[in-house]
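Chains as they are written, first to last, in the working numbering: chain A, 45 to 238; chain B, 45 to 238.
Careful, some of the hints might be misleading.
Which copy? The list can't say, so a pair holds if one copy fits it or any two copies do.
As the list claims (entries may be wrong) - SDA-like cross-link-like pairs, simulated, lysine to any residue; straight-line CA separation at most 25 Å:
{"id": "1", "residue 1": "K222", "residue 2": "N209"}
{"id": "2", "residue 1": "K233", "residue 2": "A180"}
{"id": "3", "residue 1": "K233", "residue 2": "P91"}
{"id": "4", "residue 1": "K100", "residue 2": "E174"}
{"id": "5", "residue 1": "K222", "residue 2": "N122"}
{"id": "6", "residue 1": "K233", "residue 2": "D139"}
{"id": "7", "residue 1": "K222", "residue 2": "T149"}
{"id": "8", "residue 1": "K100", "residue 2": "N122"}
{"id": "9", "residue 1": "K222", "residue 2": "H176"}
{"id": "10", "residue 1": "K233", "residue 2": "A80"}
{"id": "11", "residue 1": "K233", "residue 2": "V153"}
{"id": "12", "residue 1": "K100", "residue 2": "C133"}
{"id": "13", "residue 1": "K222", "residue 2": "D208"}
{"id": "14", "residue 1": "K233", "residue 2": "P173"}
{"id": "15", "residue 1": "K233", "residue 2": "E106"}
{"id": "16", "residue 1": "K233", "residue 2": "A47"}
{"id": "17", "residue 1": "K222", "residue 2": "P50"}
{"id": "18", "residue 1": "K233", "residue 2": "L154"}
Read the hints as simulated data drawn from the structure, not as lab findings. Model, not experiment: these values are computed from the prediction.
2 protein chains.
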Amino acid sequence: MSAFQPVELHHASRLINHGPTVLVTAAHHGHRNIMAAAWSMPVEFTPPRIAVVVDKSTFTRELITGGGGFALCIPGANAIDLTYAVGSCSGREMDKFAHFGVTSTNAPVLGMPVIEQGCAAWLECRWLPEAHTEDAYDTFFGEVVAAAADPRIFSEGHWHFSHDNADLHTIHHLGAGKFVIAGNQIAAKALDPA
Amino acid sequence: MSAFQPVELHHASRLINHGPTVLVTAAHHGHRNIMAAAWSMPVEFTPPRIAVVVDKSTFTRELITGGGGFALCIPGANAIDLTYAVGSCSGREMDKFAHFGVTSTNAPVLGMPVIEQGCAAWLECRWLPEAHTEDAYDTFFGEVVAAAADPRIFSEGHWHFSHDNADLHTIHHLGAGKFVIAGNQIAAKALDPA
């Protein structure tokens, strides 16, 4: 594992621009949790804001509204099994960090637990309360207050997918425990009119 | 191009569960448009609902609010250049369908223009007006009223990424015209506790 490096906030949206499945972490009053979420997206570059769907049944939802924040951690290809595992049990019944041997550190602004082991990047977010969309669509909004990435795959505001960092290639949940892995980075070419 | 087949509505969320970049199409009063959007996600399985970020400056936003609907079309790997091209110009200045030679058909419920050529699937959506989130976060919600997919890559409610359908593998925008392509489909394995 390389040491994570800070990501400038105006580049934070790029960390999830391509739709990776993420691990949502949160902590409050001595409790902490990890859940998997395929449903997240940026909504604004500056200030960097994101949306994520957190079901009403989840323990994480209680921690977010109690603690006022959360983090999105972006698992790499080697963390597929972990991602599916934490998405298939409830933090009400166990401390998933301890149960699955996941090490976390405290992010710098809100102290949210973030995972670097097996992950490509993380975004620490302040909860932006929106009672109606949380109720009607389970959609939570957050403002990114800190972000960091493994410089082997994200540096100077850009992703660099290559054969050398295949363990950090992002994973994208198709449903029912099946994932596709992102790779084969390509630049678009200018297109002539028909 | 294979003939698209209908996708059952309770499977529609799976079409964008893995975060592909999409083409948002809309039409109203004889005008139509295509824009690219990296920022979309499902928000509910049943009824199938999605969220997509549509900037206030876009022509598509006028068409959605005027026409009451939109569609998300999911471009395959061969459509990277088209996706970037339609995301880099405005429909106020041209009919992008004509300009880039894109053929569309009318989706069955609302008549939204959907693209099958070069695409893996589409979802036709009824606009769910949410003035606050549209204003504060540029976030639009929609309910999927029809969906279809190319059975070479999506059938019976499941994606099937393989070497044989590489042209339909979904594309995921990293930013600034750089994309990663999804591939290498893998099933998660059960994980023992630490």
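Status of L154 relative to K233 across identical chains (alpha carbons, at most 25 Å): neither (41 Å within a copy, 33 Å between copies)
Intra/inter-copy verdict for K222 and N122 if alpha-carbon distance must be at most 25 Å: both (14 Å within a copy, 24 Å between copies)
Pop the pair K233 and E106 into one bin, within, between, both or neither, using alpha-carbon distances up to 25 Å. Neither, since 46 Å and 29 Å both go past 25 Å.
When Cα atoms must be at most 25 Å apart, do K100 and E174 count as within-copy, between-copy, both, or neither? Answer is both: 14 Å inside a copy and 20 Å across each meet the 25 Å cutoff.
Intra- versus inter-copy proximity for H176 and K222 (alpha-carbon distance at most 25 Å): neither (32 Å within a copy, 35 Å between copies)
Status of A80 relative to K233 across identical chains (alpha carbons, at most 25 Å): between (35 Å within a copy, 15 Å between copies)
Alpha-carbon proximity between K233 and A180, which holds within one copy, between copies, both or neither at 25 Å: neither (41 Å within a copy, 33 Å between copies)
K233 and P91: within-copy, between-copy, both or neither at 25 Å Cα: neither (30 Å within a copy, 38 Å between copies)
Which holds for K222 with D208 at a C-alpha limit of 25 Å: within a copy, between copies, both or neither? Result: close both inside a copy and across copies, 24 Å intra and 18 Å inter.
Which holds for K233 with A47 at a C-alpha limit of 25 Å: within a copy, between copies, both or neither? neither (34 Å within a copy, 28 Å between copies)
Copy assignment of K222 with T149, given that the CA separation must stay at most 25 Å: Neither. Shortest intra-copy (29 Å) and inter-copy (31 Å) distances fail the 25 Å Cα cut-off.
Up to 25 Å between alpha-carbons, please classify K233 paired with P173: within, between, both or neither. This pair counts as neither: shortest intra-copy Cα distance 41 Å, inter-copy 36 Å.
Checked against the numbered hints above, the structure violates hints 2, 3, 7, 8, 9, 11, 14, 15, 16 and 18; every other hint is satisfied.
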